[in-house]
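Sequences listed follow chains A and B, in order.
So the first sequence is numbered by our numbering: it starts at 1 and just counts up by one.
So the second sequence is numbered by our numbering: it starts at 1 and just counts up by one.
Hints are supplied without guarantee of correctness; some may be wrong.
A few chain B residues facing chain A, derived, Cβ under 10 Å [stated by the list, open to error]:
| hint | residue |
| --- | --- |
| 1 | G98 |
| 2 | I291 |
| 3 | P297 |
Cβ pair distances, simulated, as ranges [to be verified]:
| hint | chain 1 | residue 1 | chain 2 | residue 2 | range |
| --- | --- | --- | --- | --- | --- |
| 4 | B | E234 | A | T108 | 22 to 32 Å |
| 5 | B | R224 | A | G312 | 49 to 59 Å |
| 6 | A | D11 | B | L42 | 49 to 59 Å |
| 7 | A | A70 | B | A206 | 53 to 63 Å |
| 8 | B | Q278 | A | E222 | 22 to 32 Å |
| 9 | B | G78 | A | G195 | 46 to 56 Å |
| 10 | B | D304 | A | L239 | 18 to 28 Å |
| 11 | B | G78 | A | P277 | 54 to 64 Å |
| 12 | A | E222 | B | E283 | 30 to 40 Å |
| 13 | A | P25 | B | E226 | 28 to 38 Å |
| 14 | A | T250 | B | H274 | 21 to 31 Å |
Some chain A residues well away from chain B (every beta-carbon gap over 12 Å; in silico) [unchecked claim]:
| hint | residue |
| --- | --- |
| 15 | G69 |
| 16 | G78 |
| 17 | P135 |
| 18 | E170 |
| 19 | A206 |
| 20 | A231 |
| 21 | G312 |
| 22 | D321 |
Think of the hints as simulated: they come from the structure by calculation, not from any bench.
Even glycine gets a Cβ: it sits at the ideal position worked out from N, Cα and C.
Protein chains: 2
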Amino acid sequence: MRAALYLSAGDVIVDEVPDAFLAEPTDAVVRVLRSCICGSDLGSYRGVITRAARSRLGHEFLGIVEAVGADVTSFRVGDLVVAPFQWSDNTCPACLDGLQTSCANGGTFGAPGTDGGQGEAVRVPQADGTLVAVPGGLDASGEELLPALLATSDVAATGLHGAVLAGTGEGSTVAVIGDGAVGLCAVLGAVTVLGAERVILMSRHADRQAIGKGFGATDIVEARGEEGIAAVRELTGGLGVRHVVEAVGTPESWAMAMGMAREGGAIGAVGVPHTMPQLPLFEPFIHHLSINLGIAPVRRYLPDLIARVTAGTLDASPVFDTTLPLAQVAKGYAAMSARESVKVMLT
Amino acid sequence: MRAALYLSAGDVIVDEVPDAFLAEPTDAVVRVLRSCICGSDLGSYRGVITRAARSRLGHEFLGIVEAVGADVTSFRVGDLVVAPFQWSDNTCPACLDGLQTSCANGGTFGAPGTDGGQGEAVRVPQADGTLVAVPGGLDASGEELLPALLATSDVAATGLHGAVLAGTGEGSTVAVIGDGAVGLCAVLGAVTVLGAERVILMSRHADRQAIGKGFGATDIVEARGEEGIAAVRELTGGLGVRHVVEAVGTPESWAMAMGMAREGGAIGAVGVPHTMPQLPLFEPFIHHLSINLGIAPVRRYLPDLIARVTAGTLDASPVFDTTLPLAQVAKGYAAMSARESVKVMLT
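Turn these sequences into a full structure, and let the hints steer you where they fit.
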């Protein structure tokens, strides 16, 4: 089969690899219908993170179950399934707490020795605990729902988790720092799933602002730094915002998050803190802040998000502004790295 | 009147100062019956924090109202009152959120231009929003309740707040790092006020362990560092603790807190992060931790804590293992700085 491979920073190709196969009785093999490129894939592409040469790429995908191991009971060949970006047994203490990204038997697609989502098929470990079937399968969803379903495999759930970590609830006022796919999905999750009343999106790109407004952002702030903080404070009667989603992950964005948070506010952060290894503690201490971090446990949210997609009440697919065939994956990486594309879907 | 003055690191005296007086119509003057020395007072005593020469000391006290300004409506001369360590109007947005230590009109006793608790009398700004009367006054409480009442002015409430920030609730398992007065009071608050079922106290001092057990600690762990983490994990089925109170404030104690926290756990920290300016973010991100900090809003808890003291159901006074007259305050500082005393009460 063919799959995307990482060669070195800036160099991604599609090449022949061994076919995906059932290695364990708890595995399934999924034939990929759609996958995508994640902001987190750009770390190695930009040379910020070390990655093994010829390692597989991609961790967001959906497809059709092609084979199941002897111990798999929840799926049959032909099922349309969505995979969260990590596999999990969904039975260990962490999974039972809804923290499937801390699963004792979990792992990430694309890690050494595993298949990646950006390929023709994927071996899915712990299939029963990992995959979620789309009710009615492809017949019910049709091709047109696939982008919205694909978005639930990471960004829609990750953005939602950021809003959850920020303590967002019915009627909340929320600020979202970052207008990438995750930030935009934080807007969508805050409004559509959690019932936020007001969402302030920090964005200076007209196209992303438009998506954010479509997702329910009520206010757009283009200013950054101290000016951005002042603008958000002005929008909130000088008090700041109780719920801040930090979806950039730089010292500057964290400083903004802390600066615009209301006394006693909460900051939710779902990005890998590669460029923000240390958080100054004095400011959160003075202002009674709650700092909540985590790798989004997509599996927790997936059944609900899929149900919303099939019911037509949630659609994060506007974050996919570019669609390419797998063969052109390199073009997709280049476009996202150059910020010419918010997010690339692969067919 | 006489009051404790800071001269320089290691040099504290009692000297004549101007009598406390009503400067604003919202002030009260309180004749101090009991005050104490706080762990946070030791920062300047040890030369870690800069402090103005001849500035007043102390922020924990109780006493009798001696005079009230024209706008003070809640208190009368002769009332027995407890002061939290900061004053607050109790009407601004932060106060209404229960964050009186972020009061728009607040301040700390002992700050430049204010009276300190370690003196014969104190001018209390924002008296209506700050002081809490002890029902029945001195006649009802008697001298014997004064130490327990005094403890509510800071440590009892600060320890409780640490447990609150750690998310402690009915039936919780909690770990407390730090066996100073605040750590010990975190044990007491977790058990007595919040209903924790199991509290693991990290302590290697027999006298402090005894107080901790008296306050409800169910387990004592003497080991520190990786060994301490392993011991706590062993006590919790390998999973770690959902609720950790960090009451030391060093990189080592924070590392322990993060190491013993269960996936998705919460860390509550109430100490000034002088020696812990930066928190590494990668570990909390990987383990879904919630980091909650703040200067304890004692005023929020004070009415409830005073009611528990007068009802005989809460008594943090065992943290006072030394009692000295105000004239010997220097001896008290030396004893606490040398860790010969957990906490010194001044009469």
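Hint check:
For G98 of chain B, the interface hint holds, the least distance from its beta-carbon to any beta-carbon of chain A being 8 Å, beneath 10 Å. Because the beta carbon of I291 of chain B sits about 4 Å from the nearest beta carbon in chain A, less than 10 Å, this interface hint is met. Taking 10 Å as the C-beta cut-off, the interface hint given for P297 of chain B holds, the closest approach to chain A being about 8 Å. For E234 of chain B paired with T108 of chain A, a C-beta distance near 29 Å keeps the hint of 22 to 32 Å intact.
At roughly 56 Å, the beta-carbon separation of R224 of chain B and G312 of chain A lies within the given 49 to 59 Å, and the hint holds. As the Cβ distance of D11 of chain A to L42 of chain B is approximately 57 Å, the hint placing it in 49 to 59 Å holds. Roughly 58 Å separates the CB atoms of A70 of chain A and A206 of chain B, a value that falls within the hinted 53 to 63 Å. Checked against the hint of 22 to 32 Å, the pair Q278 of chain B and E222 of chain A passes, with Cβ atoms roughly 30 Å apart.
The hint said 46 to 56 Å for the Cβ distance between G78 of chain B and G195 of chain A, and at roughly 52 Å that hint holds. The beta-carbon spacing between D304 of chain B and L239 of chain A, approximately 26 Å, falls within the hinted interval of 18 to 28 Å. Evaluation of the 54 to 64 Å hint for G78 of chain B and P277 of chain A yields a pass: the beta carbon distance comes to about 57 Å. Taking the beta carbon of each, E222 of chain A and E283 of chain B are about 34 Å apart, inside 30 to 40 Å as hinted.
Range check, P25 of chain A to E226 of chain B: about 37 Å between beta-carbon atoms, so the 28 to 38 Å window is met. Range check, T250 of chain A to H274 of chain B: Cβ separation about 26 Å, and the 21 to 31 Å hint holds. At roughly 27 Å from the closest C-beta of chain B, the C-beta of G69 of chain A stays outside 12 Å, upholding its exclusion from the interface. Distance to chain B confirms G78 of chain A as a non-interface residue, since its nearest Cβ pair spans about 35 Å, more than 12 Å.
With a closest Cβ-Cβ approach of about 29 Å to chain B, P135 of chain A is found to remain outside the 12 Å limit, as its non-interface label requires. In this structure E170 of chain A is separated from chain B by more than 12 Å, as the shortest Cβ-Cβ distance comes to about 18 Å. Every beta carbon of chain B lies more than 12 Å from that of A206 of chain A, the smallest distance being close to 32 Å; the non-interface claim holds. Against the 12 Å criterion, A231 of chain A stays outside the reach of chain B, whose nearest CB is about 19 Å from its own CB.
With a minimum CB-CB distance of about 32 Å to chain B, G312 of chain A clears the 12 Å threshold, and the non-interface call stands. A cut-off of 12 Å between C-beta atoms confirms that D321 of chain A is not in contact with chain B; the least separation is 28 Å.
Checked against the numbered hints listed earlier, the structure breaks none of them; every hint is satisfied.
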